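Colleague: Knowing the structure of chain E, use the given hints to seat chain F on it.
As a plain string of letters, each chain reads:
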Amino acid sequence: QKEVEQDPGPLSVPEGAIVSLNCTYSNSAFQYFMWYRQYSRKGPELLMYTYSSGNKEDGRFTAQVDKSSKYISLFIRDSQPSDSATYLCAALRGGYSTLTFGKGTMLLVSP
Amino acid sequence: GAVVSQHPSWVICKSGTSVKIECRSLDFQATTMFWYRQFPKQSLMLMATSNEGSKATYEQGVEKDKFLINHASLTLSTLTVTSAHPEDSSFYICSAPLDRGNTEAFFGQGTRLTVV
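If you're matching them up, the sequences are chains E and F in order.
Heads up: the first sequence at position 103 corresponds to 103 in my numbering, and the numbers run straight through without jumps.
Heads up: the second sequence at position 29 corresponds to 29 in my numbering, and the numbers run straight through without jumps.
So that you can see chain E by itself, here it is in the shape it has in the complex (with noise of 0.2 Å):
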């Protein structure tokens, strides 16, 4: 099993609509979890991460965190087609270790 899950997707959905991005983890010992864009042939860039449990929220974008499920979610509101990427969620230990990342969701917005 791997450490974090992602279903690769593709998500479509139309301008405007409500997007929902989830992994799951195995790994108790995670305490960070990030959430990173990633355009086709271009590096990951970080949206957002949080700390333990609990929501964040920057403009559009929102983060969850549920360690109790070992759930992570990403919301986008009135998504744009803009947004059409990969999304990557990662997670991190905590101190000085490595990031383990989901497999990445293609998100495809329509105009």
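Take these hints with a grain of salt, some might be off.
[As the list claims (entries may be wrong)] In silico DSSO-like links for lysine-lysine, alpha-carbon gap of 30 Å or less: (1) E/56 with F/64; (2) E/2 with F/66; (3) E/42 with F/55; (4) F/66 with E/42; (5) F/41 with F/14; (6) E/2 with F/41; (7) E/2 with E/67; (8) F/14 with F/66; (9) F/64 with E/42; (10) F/55 with F/66; (11) E/67 with F/41; (12) E/70 with E/56; (13) E/2 with F/14; (14) E/70 with F/41; (15) F/64 with E/2; (16) E/2 with E/42; (17) E/56 with F/41; (18) F/41 with F/20.
Because the hints were derived from the structure by calculation, they are not lab data.
Remember, it's a predicted structure, so these values are computed and weren't measured experimentally.
Modeller: Frame of chain E; chain F shown alone:
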């Protein structure tokens, strides 16, 4: 904000030749940099951790003699793919953490390597 610059963005080379990829932290010092490989529709897989002034730490299954890493300064790490073969064709990405928690990890633009 902090920027990590990676060069080249794409390269095509003949089988058996070597290719060097550079990763620079532009406005901060990076004592540690990470090198990842990403195959199509796959996740980023950590290859090695590059440490300034010391030997790199390689992940299990990554050949250190094939993927040479040099981190000679606080702003530059290089990955050299030696005697490249078609199966080495992949997307290589470096990253540098801004702090010890690695929560603000900045990634380079990536290098698309195609070995023909």
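Colleague: Each hint needs a verdict: does it hold in this structure or not?
Modeller: To see whether the hints hold, each was checked on the structure:
no. : hint           : in the structure
1   : E/56 with F/64 : 40 Å, violated
2   : E/2 with F/66  : 26 Å, holds
3   : E/42 with F/55 : 28 Å, holds
4   : F/66 with E/42 : 24 Å, holds
5   : F/41 with F/14 : 24 Å, holds
6   : E/2 with F/41  : 15 Å, holds
7   : E/2 with E/67  : 17 Å, holds
8   : F/14 with F/66 : 16 Å, holds
9   : F/64 with E/42 : 25 Å, holds
10  : F/55 with F/66 : 14 Å, holds
11  : E/67 with F/41 : 27 Å, holds
12  : E/70 with E/56 : 16 Å, holds
13  : E/2 with F/14  : 34 Å, violated
14  : E/70 with F/41 : 24 Å, holds
15  : F/64 with E/2  : 24 Å, holds
16  : E/2 with E/42  : 24 Å, holds
17  : E/56 with F/41 : 28 Å, holds
18  : F/41 with F/20 : 24 Å, holds
Consistency with the previously given hints fails for numbers 1, 13, ordered from lowest to highest.
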